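Given chain A, work out where chain B should sit, using these hints.
Spelled out, the chains give:
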Amino acid sequence: MKQFELSRVDDPDQAVAAGAKATTAQQGADIRFIAGGTTLIDLMKLNVETPRKLVDVNHLPLDKIDSLSDGRLTIGAMVRNSDLAYHPIVRKDYAVLSEAILSGASTQLRNMATTAGNLLQRTRCMYFRDTAMPCNKREPGSGCAAITGVNRSLAILGTSEHCIATNPSDMNVALAALEAIIHIRGTKGERSVSISDFHLLPENTPQRETILEPGDLITHVMLPPPSPGSRSLYLKLRDRASYEFALASAAVVVTVGNGKLTRVRVALGGVGTKPWRSTEAESELTDQPATPAVFQKAADAALRDAKPQSQNGFKVELAKRCLVHALKLATQNA
Amino acid sequence: MSDQNQKESELEGGAHFAKSTRRTFLSRLGMAGLLVSSGPMIGEPARAESPTPSTPELEGAIPVTLRINGKKYDLRIDPRTTLLDCLREHLHLTGSKKGCDHGQCGACTVHINGRRVNSCLCFAAMYQGDEITTIEGIGQLENLHPMQEAFVSHDAYQCGYCTSGQIMSAVAMLKEPCGPEDAEVKEFMSGNICRCGAYQNIVAAIQSVRQGTAKEKQA
Chain A
1 MKQFELSRVD DPDQAVAAGA KATTAQQGAD IRFIAGGTTL IDLMKLNVET PRKLVDVNHL
61 PLDKIDSLSD GRLTIGAMVR NSDLAYHPIV RKDYAVLSEA ILSGASTQLR NMATTAGNLL
121 QRTRCMYFRD TAMPCNKREP GSGCAAITGV NRSLAILGTS EHCIATNPSD MNVALAALEA
181 IIHIRGTKGE RSVSISDFHL LPENTPQRET ILEPGDLITH VMLPPPSPGS RSLYLKLRDR
241 ASYEFALASA AVVVTVGNGK LTRVRVALGG VGTKPWRSTE AESELTDQPA TPAVFQKAAD
301 AALRDAKPQS QNGFKVELAK RCLVHALKLA TQNA
Chain B
1 MSDQNQKESE LEGGAHFAKS TRRTFLSRLG MAGLLVSSGP MIGEPARAES PTPSTPELEG
61 AIPVTLRING KKYDLRIDPR TTLLDCLREH LHLTGSKKGC DHGQCGACTV HINGRRVNSC
121 LCFAAMYQGD EITTIEGIGQ LENLHPMQEA FVSHDAYQCG YCTSGQIMSA VAMLKEPCGP
181 EDAEVKEFMS GNICRCGAYQ NIVAAIQSVR QGTAKEKQA
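Here the protein sequences line up with chains A and B, keeping their order.
Positions 1 to 334 (our numbering) are the ones given, in order, by the first sequence.
Positions 1 to 219 (our numbering) are the ones given, in order, by the second sequence.
Everything labelled a hint here was simulated from the structure, so no lab data went into it.
In the BS3-like style, the derived pairs of lysine-lysine whose C-alpha atoms are separated by at most 27 Å in a straight line are:
| hint | chain 1 | residue 1 | chain 2 | residue 2 |
| --- | --- | --- | --- | --- |
| 1 | A | LYS45 | B | LYS98 |
| 2 | A | LYS92 | B | LYS175 |
| 3 | A | LYS2 | B | LYS98 |
| 4 | A | LYS2 | A | LYS45 |
| 5 | B | LYS175 | A | LYS64 |
| 6 | A | LYS21 | A | LYS53 |
Here are a few chain A residues that face chain B, going by a calculated C-beta distance under 7 Å:
| hint | residue |
| --- | --- |
| 7 | MET1 |
| 8 | GLN3 |
| 9 | GLY37 |
| 10 | THR38 |
| 11 | ILE41 |
| 12 | SER106 |
| 13 | THR107 |
| 14 | ASN111 |
| 15 | MET112 |
| 16 | SER242 |
Everything numeric in this text was worked out from a predicted model, so none of it was measured.
For every residue, glycine included, the Cβ atom is placed at its ideal position computed from N, Cα and C.
With the rest of the complex left out, here is chain A (with noise of 0.2 Å):
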């Protein structure tokens, strides 16, 4: 591991202060926050990640769960993993957020994580996790290793020539679902931006994963008010029963009425290269019965630009099914 110097930060102006030095808050920064160190420290021991400074985040004021009164829930940024999917409004309201987190990683790693790092947590992909391997987001123009290597757990959604790596948070999954506000305070003030458009395609430029500039600091997420009547569930795909990553996920959250569905929001896990919010599957689900032949045309069209690779066309498959089961889940009895 490369050298570092470690300082602390207690507030978050001196946080975004610290941070602005930076030269890019991307893959290769120079400055990094460290809060749970779940990711970046894994990444730092293989010299993925080589930042000269770290500055310690733990002890920002923003590890706080607020309902507000207009029905919104606010989540800091230094919220740990643990404590929100035990939040009771979270597992009362947001289930599927509660669901998502509690399939990934392990206790230990729960125990730690934090909202704000969770939202940042790099891909799994094995070449972009080796230094003797080219990858064009760890290492921008020396190439995809993984397009003609081992791919079977990488994307089929949101791939470019130059990258397929997954996003690997289920988390994110469930976020996109429920159209969180992503809460950021930077050297030009504060702004806010959803979900949606918080993480980047790799396109040409699969380094740059997120939207954060330098200086930039995640304060909290904001969740709008859950919707009247509605049912969410999260459900994951993966090679074993626990503490693995996903082949594929869905998080749904759908409203019922009439023997119709009047709002649903869908987005996909372990097969996209960000949190894939599928408007696709909800256009072809709102205002339809709940039926298993809608469900599937709904999945055909989640999938539709699905790009399989070598090793990865199954997940095409797979994925249409997880979706297709969790909207039955979620619709059972309503």
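What follows is chain B alone, placed relative to chain A:
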């Protein structure tokens, strides 16, 4: 005290040493120069002039105070030192094991402020002011924690390498919202890998403690 003085004073206690295990012997040698204080820190002289630690002083080392198993430790360590390496290599608390060193196996599990974490993914310098508990703080040979007793009585290990991590997870799990079924225990324990495959007995040991039957089984 120099390393030489420390060694001499240790050798004078030869009769005591005769009872030592290989591990405690090595630990004592390694502890030479290590600064341990159980009392308050206030008013103590600066440590800059203190004896050299057992590991050579590295460029960029920083002063760090950790509280582990109720004891205060003053150290100078490289900021890159993980909590796991700090425990094992600097403090010679070797109960916490290094398996994968990437947060995937759980052998390094310790408690920070009562919650279980992977100590291989923590930089030690970031946990000053926190209460760190390792397997050494859970129970002692003459006074085992009920979970340790249960692991013994249920033969919940084979090689034993993952055991301290399993026990640290299991002890923390007693306070977590885990349902009563074996399947739920397995899910809650999935962050601890056992390469020998002692899972059945690990689950049985944990369930016996949760159901308050650990003592009876041992008797």
